[in-house]
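Participant: Below, each chain spelled out in residue letters.
There are 2 protein chains.
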Amino acid sequence: MSELLRQHIEKIVLLTDAEFAHILSHFVSKKFKKHQFVVQEGQVVAHDFFILSGCLKSYSTDVNGKEHIIQFGMPDWWITDYQAYYGQSVATMNIDCIEPSELLCLSYANREKLCAEYHKIEHFFRKKTNKRNVALQQRILSLLSSTAQERYDQLLQQYPELFQKVPKHLIASYLGVTRETLSRFRQSDK
Amino acid sequence: MSELLRQHIEKIVLLTDAEFAHILSHFVSKKFKKHQFVVQEGQVVAHDFFILSGCLKSYSTDVNGKEHIIQFGMPDWWITDYQAYYGQSVATMNIDCIEPSELLCLSYANREKLCAEYHKIEHFFRKKTNKRNVALQQRILSLLSSTAQERYDQLLQQYPELFQKVPKHLIASYLGVTRETLSRFRQSDK
Chain A
1151 MSELLRQHIE
1161 KIVLLTDAEF
1171 AHILSHFVSK
1181 KFKKHQFVVQ
1191 EGQVVAHDFF
1201 ILSGCLKSYS
1211 TDVNGKEHII
1221 QFGMPDWWIT
1231 DYQAYYGQSV
1241 ATMNIDCIEP
1251 SELLCLSYAN
1261 REKLCAEYHK
1271 IEHFFRKKTN
1281 KRNVALQQRI
1291 LSLLSSTAQE
1301 RYDQLLQQYP
1311 ELFQKVPKHL
1321 IASYLGVTRE
1331 TLSRFRQSDK
Chain B
1151 MSELLRQHIE
1161 KIVLLTDAEF
1171 AHILSHFVSK
1181 KFKKHQFVVQ
1191 EGQVVAHDFF
1201 ILSGCLKSYS
1211 TDVNGKEHII
1221 QFGMPDWWIT
1231 DYQAYYGQSV
1241 ATMNIDCIEP
1251 SELLCLSYAN
1261 REKLCAEYHK
1271 IEHFFRKKTN
1281 KRNVALQQRI
1291 LSLLSSTAQE
1301 RYDQLLQQYP
1311 ELFQKVPKHL
1321 IASYLGVTRE
1331 TLSRFRQSDK
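Residue numbers (our numbering), protein chains in the order written: chain A, 1151 to 1340; chain B, 1151 to 1340.
If you are wondering where the hints come from, they were derived from the structure by calculation, not from laboratory data. Careful: at least some of the hints might be erroneous.
Which copy is meant is left open, because identical chains are indistinguishable; a pair holds if it fits in one copy or across any two.
[Stated by the list, open to error] Straight-line alpha carbon distances no greater than 20 Å define the calculated DMTMM-like cross-link-like pairs of lysine to aspartate or glutamate that follow: (1) Lys1278 - Glu1262; (2) Lys1180 - Asp1167; (3) Lys1184 - Glu1262; (4) Lys1277 - Glu1267; (5) Lys1161 - Asp1212; (6) Lys1281 - Glu1262; (7) Lys1216 - Glu1300; (8) Lys1181 - Asp1212; (9) Lys1183 - Asp1212.
Using the sequences plus the hints, can you model the full thing?
Facilitator: Structure, rendered in structure tokens:
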């Protein structure tokens, strides 16, 4: 299963078997049940999570108790509350499992240690963080200036696999529309 | 003036005089007039920009021609369209100068070269990108689940200097409110 992490890293930098074994020894593998919290608002965020299997969502809750989905997490992706993880502070969002999920957990100290030990791992994480920047920028642009229909089309184009895994009411919440509006989009799709 | 870049880098990693001179030789200094475009939608984004002086804004335009401000840029900050810069593709936003601005321009090839040459510069850019991630995450959380009054308070708390430099109608656009609503916030502030 941890082969997925190696393939993921090796899309950017190549590793010897010994290097990968050393890197992997800095992760802890953990299984989470459906609906289980991985990150909880108000608690310290100790880890970044590489997703081996399952499906997750991160979301914030507004003053009226309404949930707003920030992102989904799928196998081969990373997820955490990065503001809290980088600052080693408490979470301002929740992350929980839409499906049972197996995650490789990397502490902040171990991430920094690996980056200091290997220039190429520092390079790997810089490149991954660049990609996250792009995804976050796209999310902001989409929230600021796209219609719900455009946001739906973008999501379907970028992450078609999400539509297989994620319940419709969560897709609707991510897009900021009602389920009724979402089903109109889906119909216009056929 | 380029001392500002050295101080900026040395908040994260220390440099010798020779190292800084070598790094600086990879930047091109350029002056921009008020209202001049630094990045223009549809054009290739060749550079990331370190701001020595002035004030900038990045924004996208929706189908109705309405401008939505993504971020502001102040001295000691970086600004570009990162999606286009990292992908060496065309911009999906505009960046222009609110005030005359002096920028240090770093091409993508030079950034990668410096990162490959110096592990500590790779470290510096990873850390800067982490910080940008946090800022982008905050912007998303704020767009998803904060009221306009909360967004105003957050902006004032984080970047008080913006309120000195940036015209009120641009602050209103950033917050997604009318100028009239903004002046009510400002009054309740006194």
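Participant: Are the hints correct? Go through all of them and say.
Facilitator: Hints, verified against the model:
{"no.": "1", "hint": "Lys1278 - Glu1262", "result": "both (15 Å within a copy, 14 Å between copies)"}
{"no.": "2", "hint": "Lys1180 - Asp1167", "result": "neither (23 Å within a copy, 47 Å between copies)"}
{"no.": "3", "hint": "Lys1184 - Glu1262", "result": "neither (31 Å within a copy, 41 Å between copies)"}
{"no.": "4", "hint": "Lys1277 - Glu1267", "result": "both (17 Å within a copy, 16 Å between copies)"}
{"no.": "5", "hint": "Lys1161 - Asp1212", "result": "neither (38 Å within a copy, 35 Å between copies)"}
{"no.": "6", "hint": "Lys1281 - Glu1262", "result": "both (19 Å within a copy, 15 Å between copies)"}
{"no.": "7", "hint": "Lys1216 - Glu1300", "result": "between (23 Å within a copy, 16 Å between copies)"}
{"no.": "8", "hint": "Lys1181 - Asp1212", "result": "neither (29 Å within a copy, 43 Å between copies)"}
{"no.": "9", "hint": "Lys1183 - Asp1212", "result": "neither (25 Å within a copy, 41 Å between copies)"}
Violation of the numbered hints given earlier is confined to hints 2, 3, 5, 8 and 9; the remaining hints are satisfied by the structure.
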